[in-house]
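> Sequence:
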Amino acid sequence: MSAAAPPPADDAGWVRVHPASPWVRGWTFLLLILFFAGRNAVEDFAAGRLSGEDVPGGGDGSLLVAGGILLGVTLLISLVFFFSWWFTRFRCGEDRIELRQGWLFRSRRQMRYDRIQAVDLQHPLVARLLGLATVKVEAADGGESALELSFLRRAEAEAVRREILDRASGVLGGAGADASAPERAAEPGLPDADAADAGELMLQVPAGRLLGSVLLSGGVLGVLAGSLIWLAGLAVVVALLPEAVLDEGETLTGVGAAAVLPALFSVAGVAWSRLNAGWGFQVRRSTDGLRLRHGLTETTHQTVPPGRVQGVTVSQSLFWRPFGWYRVNVAVAGYGQESDGARDVALPVGPWEDVLRVLTVVAPDPGLDGDPRAAHGLTPAGLMHLGVHGTGTEGGFQHVPRRGRWWFNWFAWRRTGFTTTRSLLVVRSGWLNRRLQTLQHERMQAAELAQGPVQRRLGLATVRVWVAGAKAVVRDLDEDVAVDLYAREARHAAVSRRLADRDQWMRPEELARFEQRTREVAATEVGRRELARAGVVGGAVVGEERGADVPAVRSEEER
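Numbering follows the UniProt record's numbering, with no gaps: position 192 of the sequence shown is 192.
Treat the hints as calculated values from the structure; they're not laboratory data. Even glycine gets a Cβ: it sits at the ideal position worked out from N, Cα and C. Treat the hints with care, as some may be off.
Here are the simulated EDC-like pairs of lysine to aspartate or glutamate, each with C-alpha atoms no more than 20 Å apart in a straight line [unchecked claim]:
hint, residue 1, residue 2
1, Lys-136, Asp-114
2, Lys-136, Glu-200
3, Lys-136, Glu-94
4, Lys-136, Glu-148
5, Lys-136, Asp-344
6, Lys-471, Glu-353
Simulated restraints, written as ranges between beta carbons of each label pair [said to hold, decoys possible]:
hint, residue 1, residue 2, range
7, Val-270, Leu-64, 44 to 52 Å
8, Ser-78, Asp-365, 27 to 35 Å
9, Leu-64, Leu-231, 54 to 62 Å
10, Arg-106, Gly-430, 45 to 53 Å
11, Trp-272, His-376, 42 to 50 Å
12, Thr-287, Leu-70, 49 to 57 Å
13, Ala-207, Ala-232, 28 to 36 Å
14, Trp-272, Phe-87, 33 to 41 Å
15, Ala-381, Gly-430, 38 to 46 Å
16, Trp-27, Leu-231, 50 to 58 Å
Sequences are here, hints too, so could you generate the full structure?
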């Protein structure tokens, strides 16, 4: 019933990881050593006994020698593991987290709290059996820049994650903050220290639905269908062969059947990976944002702060339509391009109602307040529904013109398009597999306007927009529409980033400062002109005239 206790720290605030950490990290290496050493010893002993000869090395004396070698190797490994543990320390300072590792080759890494994008709690299988966990801290570029604090006791790991999140959001900080004593180690009233389960339970994915979604994925069905067609073709060939070469035909059948085994093993591995990653998927709402818990052999607790979400993708495959299933992915800068494909999943599979529940947390402000379309009955849920299911121009969407239909978009030309709100760029695409992307204007990092030779002849152009961890492509728009979208996004993003760049997204004074700066800038002549040029008028995004400062369309040859 008590709050989770933080790990003990020294006078300087440095904390050592759990003493069993090197053994947990190196358990596979130890098993390999024991396997090869044991196999050789058993083979030599068995060979000597079966042949009636003395075991090489003096019979029983060789067992003592082997035992001594094994004991020496064990002591050496234990000594190496001890030094590895002793020199691995971390500290949560006032403005950064630091990690020191190594005794022969030492390294010291640090990460500022205002650069932290995500903090995850991971429970690998062996560590979970021992009650240990890893705290993984991700920076904006993801990949190898992540700091891994492994391993800590489960309650201590949650306390450390709680402190890092509080400091990164601005809730905890200042001179009075002490690295060894987090102020909010766990939520009060919990029966244990597992604060990853804190918050309001929004939804959970049943095992049957998850299994069905994996089996109905395009990759699994494609490989199974291809294998069946291949085997059926082989059977037909063998049936048409004359009896004189029937033996050769049977051999051909065996070889052909074996040829599909690698594909079947591959798709089985992919299916298992998705099933393992999404098992027991739970979504909870907390003051930190969205809390996710999932995994079978390795349980992961993720926290997705709303202030760190760059964009959201909602997708629906053709084979999921009869069941009304959808998938939600979020673009978080810390997960980077090296993500394993599971950490950016906010909902692996679920009905439309679950999609809306998730969107209320990861995309709480669709930017429709003050929009003329809202006065005509367009709601945030209606905008998302049009993005996934709609066609044509309803809801303010602009799509591929008719002249681009026959060259690029035979069936999806009325679906492929975009719309904008005060805060979002909404892009929809896909005819068989539907896809909706929403990107925040303030998070945009780059934009590109491109035009190929065929597009140039037809007066079409493509706009590409990048945020950290995601990219949206609006293909084959009318050239004027594409130029306006490009210019509007570039200007809108510049203004929004200046007004909404909040590194500590929950700090009250930061929120107040942001609101004050917004009012001050909007009250000036320059601010009104910049906001108008960005397309923000009374909360709505409107078009603008093409001016001399709009860059020319780039061709494919110039890129």
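> Could you run down the list of hints and mark each one as holding or not?
These are the hints, each one checked on the structure:
| no. | hint | in the structure |
| --- | --- | --- |
| 1 | Lys-136 <-> Asp-114 | holds, 16 Å |
| 2 | Lys-136 <-> Glu-200 | violated, 24 Å |
| 3 | Lys-136 <-> Glu-94 | holds, 19 Å |
| 4 | Lys-136 <-> Glu-148 | holds, 5 Å |
| 5 | Lys-136 <-> Asp-344 | holds, 15 Å |
| 6 | Lys-471 <-> Glu-353 | violated, 26 Å |
| 7 | Val-270 <-> Leu-64: 44 to 52 Å | holds, 50 Å |
| 8 | Ser-78 <-> Asp-365: 27 to 35 Å | violated, 55 Å |
| 9 | Leu-64 <-> Leu-231: 54 to 62 Å | holds, 58 Å |
| 10 | Arg-106 <-> Gly-430: 45 to 53 Å | holds, 51 Å |
| 11 | Trp-272 <-> His-376: 42 to 50 Å | holds, 48 Å |
| 12 | Thr-287 <-> Leu-70: 49 to 57 Å | holds, 53 Å |
| 13 | Ala-207 <-> Ala-232: 28 to 36 Å | holds, 33 Å |
| 14 | Trp-272 <-> Phe-87: 33 to 41 Å | holds, 37 Å |
| 15 | Ala-381 <-> Gly-430: 38 to 46 Å | violated, 20 Å |
| 16 | Trp-27 <-> Leu-231: 50 to 58 Å | violated, 41 Å |
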